[in-house]
Amino acid sequence: MAIGELSYVALISRESAAACEVFGRHLGLPRHDLAYGGQTLPVFSIGRAALVVCPPEHPLVEGDANPGVHHIALATGDLRGAVDRLQAAGMRAGSQVAGLAGRAMCRIDRAATVGVRTVLTEPLAFPTHVGGPIERIDHLGVASSDVGEDERAYSRALGFEVESRQTDMEVVMAVESFTSDKYGVVYHNRQPEPVGGLRVCFITIGDCELEFLANFNPRQGAEIKHGEPGTTRQDQGAITRFVQSRGRGLHHLALKVADINETLAKLAAAGLPMIDKVGRPGSRRALIGFSNPKALGGVLMHIVQRS
Numbered sequence: 001m002a003i004g005e006l007s008y009v010a011l012i013s014r015e016s017a018a019a020c021e022v023f024g025r026h027l028g029l030p031r032h033d034l035a036y037g038g039q040t041l042p043v044f045s046i047g048r049a050a051l052v053v054c055p056p057e058h059p060l061v062e063g064d065a066n067p068g069v070h071h072i073a074l075a076t077g078d079l080r081g082a083v084d085r086l087q088a089a090g091m092r093a094g095s096q097v098a099g100l101a102g103r104a105m106c107r108i109d110r111a112a113t114v115g116v117r118t119v120l121t122e123p124l125a126f127p128t129h130v131g132g133p134i135e136r137i138d139h140l141g142v143a144s145s146d147v148g149e150d151e152r153a154y155s156r157a158l159g160f161e162v163e164s165r166q167t168d169m170e171v172v173m174a175v176e177s178f179t180s181d182k183y184g185v186v187y188h189n190r191q192p193e194p195v196g197g198l199r200v201c202f203i204t205i206g207d208c209e210l211e212f213l214a215n216f217n218p219r220q221g222a223e224i225k226h227g228e229p230g231t232t233r234q235d236q237g238a239i240t241r242f243v244q245s246r247g248r249g250l251h252h253l254a255l256k257v258a259d260i261n262e263t264l265a266k267l268a269a270a271g272l273p274m275i276d277k278v279g280r281p282g283s284r285r286a287l288i289g290f291s292n293p294k295a296l297g298g299v300l301m302h303i304v305q306r307s
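Under my numbering, the first residue of the sequence shown carries the number 1, and numbering increases by one thereafter.
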């Protein structure tokens, strides 16, 4: 049995007002401000969960100044029992403190959750958001170095179900031609050569998944070509570079939509910098596209369309 269900995702944005404009105006998510530590934070309902937008160094994100996806909060109706269960599994949790909207919460030791900052919280009363161009959070990308270890932590220890496992590969195939004025043309296909790849594991934590991503071949470098549409090779490079610079942890936010090209076009028309202008093939038979992190003040957002 899972220890809880996703309640909210805490984001750090250098441009929190601009990020709120994207979520509220351009993506149509309803906003509900909630109190924390004598201040209020913008909260956007999405599916059965919510997005909380924090400025750098805010107390909810422990004073962290790095922009991006900071932590996930798992709601449980029995916080004390959940903490006891963690301790029985050899995982450490901090003391109970007042969290968002005054609900009690406690932080799980990051080492126990393979780099994913995770808190347990008493349930929060977010209105469920359904309909509109954004259906729900599709997944939260996690930069990793060992998806097997991730699965053991979240599936075996915390009780969440594995949704699927996969391997993403990009290969190139060279073709040689031999052209003769007497014998015609002969083509020879060389063996495919892998140039980039990721090991992937999806684990369900509510109405979305954690997507753990690890470099398929650590001997390959972190190649990223800025200003070009994404590829599996570039995705591998982004994950590798993140782990090298910041360690394992939450990497990107992915939103599920009904029409990816319409959503990407709308964001581009609003003047937001985009990595992908049209959907490209991605995990789980999806079409995917990324906005540039500058669009959300340093938060990498991923748009997903799939059945």
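Among these hints, one or two may not hold up.
Unchecked claim - The calculated label-pair distances, taken between Cβ atoms and stated as ranges, are: (1) Ser245 to Val130: 35 to 41 Å; (2) Asn261 to Gly184: 40 to 46 Å; (3) Lys266 to Gly90: 25 to 31 Å; (4) Lys294 to Asn261: 18 to 24 Å.
What the hints assert, rightly or not - No more than 25 Å apart at the CA atoms, straight line, and that leaves these computed lysine to aspartate or glutamate pairs for DMTMM-like: (5) Lys277 to Glu262; (6) Lys266 to Glu135; (7) Lys294 to Glu15; (8) Lys294 to Glu193.
If you are wondering where the hints come from, they were derived from the structure by calculation, not from laboratory data.
Computed from a predicted structure; not experimentally measured.
Idealized CB from N, CA, C, for every residue including glycine.
For each hint, the structure was consulted:
1. Ser245 to Val130: 35 to 41 Å: holds, 37 Å
2. Asn261 to Gly184: 40 to 46 Å: holds, 43 Å
3. Lys266 to Gly90: 25 to 31 Å: violated, 47 Å
4. Lys294 to Asn261: 18 to 24 Å: About 21 Å separates the Cβ atoms of Lys294 and Asn261, which means 18 to 24 Å holds.
5. Lys277 to Glu262: Holds, at roughly 10 Å.
6. Lys266 to Glu135: It holds: about 16 Å lies between the C-alpha atoms, which stays within 25 Å.
7. Lys294 to Glu15: Given pair Lys294, Glu15 holds - Cα atoms ~9 Å apart, limit 25 Å.
8. Lys294 to Glu193: Violated - the C-alpha atoms of Glu193 and Lys294 are around 34 Å apart, more than 25 Å.
Comparing the model with each numbered hint stated earlier shows that hints 3, 8 do not hold.
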